[in-house]
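Produce the complete structure using the sequences and hints provided.
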Amino acid sequence: MPSDNARVQQALAALAPAIEPFETALAATIEELRGFLDAHRQENAAGERVGAELGRFAAARIDPERFSSLIAPPTTTDVETLHVVERALDTLQGLRQRGTDLFWARVTPGGDLRTTVTDALADAGRAFGVARALRFVWNGVPTTSLDDPRDPFPPSRWNPAERALAPPLVVEVGGRDVSAAGLADLLEGRQKVILVVEGPAPVAPLARLLTPDLLVAQVGRAEALAEVGRWSGPAVAAWMEQGGARFVHRPGGASFRTRVQEEEIPDAPTGRVLGRVAAAREANDLEHLRELLTSAPAAAQVPVITDASATGTPDAAVAVPTAAPADRLAGWLLAQAGLAGGA
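Counting in numbering that gives the first Met the number 0, the sequence shown runs from 0 upward without gaps.
Simulated from the structure, these hints should not be mistaken for lab results. If you're wondering where the values come from, they're calculated on a predicted model, not measured in any experiment. Any given hint could turn out to be false.
[Claimed, not checked] Quick list of the computed label-pair ranges, beta carbon to beta carbon: (1) A180 to S231: 23 to 29 angstroms; (2) H82 to A5: 42 to 48 angstroms; (3) N138 to A5: 28 to 34 angstroms; (4) A180 to E261: 18 to 24 angstroms; (5) L292 to D3: 37 to 43 angstroms; (6) R149 to A225: 49 to 55 angstroms; (7) A253 to A225: 21 to 27 angstroms.
Backbone N, C-alpha and C define an ideal beta-carbon position, used for all residues, glycine too.
This is the structure:
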């Protein structure tokens, strides 16, 4: 539980602008699924109600289901489909009940940062898996061929639309385990990750993630994290507890130097983190950061934000929606589930 770590709570608060839309969308989708199940359970129970109303004598001579169809439209939702919807609802309710824990993970000492982040995103990503499963059911795909919507749904399976709606994440990690370069392919769409680094750490663990379209911040104050939560694109931050470089890289400038706000860049690596191998990596990362800071201005590079429709066309480039984030996510989930527009 993150509740006993004040720094984690502050990081979660910084991500509130990204967390709230996801939570709101879950709540909206849950209510829609509840309404759908209630309505279709009533339809499926119509025959049983008619049979009870006809009584024992008539029930022996009249098919209640057939009689029911004469007074009400027959349902087109079979029992297996309802079971899929029930499992989907259970999954979304479970995610919602987690609260902010859904957006938090901890790297065990000696553990792998990338694996921890991937597993946490796969857990929250079940919301996307649920939406896909429901869409397939509505399109007539046999339920026996579907993945269980309760299974983890890792980022490697997300399409551009899903990456644009990625759940943010706060990760507690010891300084000895900060190997952030492996996060590069996860930081797409609107994915946001804040690393709460504890104890001594390499001086520039995020240096290898510096690319023109990614907000990258190494900070020493909680207040500096607020920008991550408000940022419209992908972002990663490391909240350092002890020492290290301090900088913020904001996309949009013509060169690296114009995109970076420097607060503090150490003259030399600590050389003490995890022995000679780690010391060599630390020195290389710091040198990489310094080279970028002294590089010649480059041509302007404008970030391209790609998205996709609810059908998940992988390469469709579209304008960024102007609706509120909560409305975008709820609408997308409901559209995937086939519930939008009164379906």
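L292 versus D3 beta-carbon gap, inside 37 to 43 angstroms or not: Since the Cβ atoms of L292 and D3 sit about 38 angstroms apart, the hinted range of 37 to 43 angstroms holds.
A180 versus S231 beta-carbon gap, inside 23 to 29 angstroms or not: 24 angstroms, holds
Whether the CB-CB distance between R149 and A225 falls inside 49 to 55 angstroms: 35 angstroms, violated
Cβ separation of A253 and A225, checked against the hinted range 21 to 27 angstroms: Once the Cβ atoms are compared, 26 angstroms apart, the range 21 to 27 angstroms for A225 and A253 holds.
Beta-carbon spacing of H82 to A5 - inside the hinted bounds 42 to 48 angstroms or not: 44 angstroms, holds
N138 versus A5 beta-carbon gap, inside 28 to 34 angstroms or not: 48 angstroms, violated
Range agreement (Cβ of E261 with Cβ of A180, hint 18 to 24 angstroms): 21 angstroms, holds
The earlier numbered hints that this structure contradicts are 3, 6.
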